[in-house]
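Chains B and X supply the protein sequences, listed in that same order. Mapping of the first sequence onto this note's numbering: residues 1 to 121, in sequence order. Mapping of the second sequence onto this note's numbering: residues 122 to 242, in sequence order.
Don't read these hints as lab results, they were simulated from the structure. Quantities reported herein were computed from a predicted structural model and do not represent experimental measurements. Check the hints yourself; a few may be wrong.
[To be verified] Partial selection, computed: residues in chain X whose CB lies under 7 Å from chain B: (1) 185; (2) 196; (3) 199; (4) 232.
[Said to hold, decoys possible] Simulated pairs of lysine to aspartate or glutamate, DMTMM-like, Cα-Cα distance not exceeding 20 Å: (5) X:173 / X:198; (6) X:229 / B:25; (7) X:192 / B:19; (8) X:216 / B:103; (9) B:52 / B:3; (10) X:229 / B:98.
Heads up, the beta-carbon is just placed ideally off N, CA and C, and yes, glycines get one too.
Protein chains: 2
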Amino acid sequence: MTDAQAIAQRYIDLWNERDGARRADILAATWSSDARYTDPLATASGHADISKLIGGVQQRFPKFSFALIGKADGFGDHVRFSWALGPKGADAPIKGTDFAFVEGGKFKSVTGFLDQVPQAA
Amino acid sequence: MTDAQAIAQRYIDLWNERDGARRADILAATWSSDARYTDPLATASGHADISKLIGGVQQRFPKFSFALIGKADGFGDHVRFSWALGPKGADAPIKGTDFAFVEGGKFKSVTGFLDQVPQAA
C-alpha cells in the first residue's frame, strides 16, 4: 500500500462531511458495506450506522473539524494515522490515532484510540 | 478491559522468551490457536508460525530484548502499546507500536507498526 496518506485523508474528509447524502456517497465508494468502526466512546457497523455516528460527533462539536497530524503510515492492508479535532486555526483539544484495515481498497474496520481529551471542567 | 498494561506485558514477555517450549506454553495460554500476527516485515498465523517468527527475530538480534514504552492503552477488546528493541541498559535502536485484538482474554490478532528503525549503514 503506497497511498496510506490518501486513504487517511479520505477518512478525514468523511468525518468532516456534514451533508448526510454526501457522507452516504463517500461511504458507498470507500467503505465496505459491512465495515465496522469502534473507539472508546462508540461502535458502529455498516454505512448507515457509521454515518449516524459521525453526524452525532459533528452535532456535538459544531465548530470543530478533523485534520490529519503528521504522516499516515501503512503496509499491506493496514494503515495508521493520527488526527486532531478542534476549531479551525487554533490548537485542537482532542487528538487520536486510528488503525484501519482496508480490503480491496475499501475500509473494512477502523479502531480509534484517544491520545488527548480535554480535562473535565 | 482494565488490564491493558498486563496484556501488553504478557506480549512483551513472549517476545523475550528464548526457550521454544516455554514460548509454546505462553502461546497456548494467552493466544488463540488461530491468532494472526502481521507487521511490515513478516506475517504469521497460529502458534507454531508465530513462535518461529519470534525465534527468528531473536536470532537476528541475539543481544537485544523488548521492553514496553510508556503505558499501554485499551478499551473493549482492543489494546495498543509501544515497545523498544535494543540492548539492555542502552538506548534502543528499534521502536514500534502494536495493536492487538483480544478475544476471550486471548490475543486474536496483532498488527505491528515500526516507529523507529536504524538508518542503513
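The hints, checked one at a time:
1. 185: Result: violated, 22 Å to nearest chain B Cβ.
2. 196: Constraint on residue 196 of chain X satisfied, holds at 4 Å.
3. 199: holds (5 Å)
4. 232: Constraint on residue 232 of chain X satisfied, holds at 5 Å.
5. X:173 / X:198: violated (26 Å)
6. X:229 / B:25: Not satisfied, since the Cα-Cα distance of roughly 33 Å exceeds 20 Å.
7. X:192 / B:19: The given pair, whose Cα atoms are some 38 Å apart, is violated under the 20 Å limit.
8. X:216 / B:103: Cα-Cα ~27 Å, so violated.
9. B:52 / B:3: violated (27 Å)
10. X:229 / B:98: holds (19 Å)
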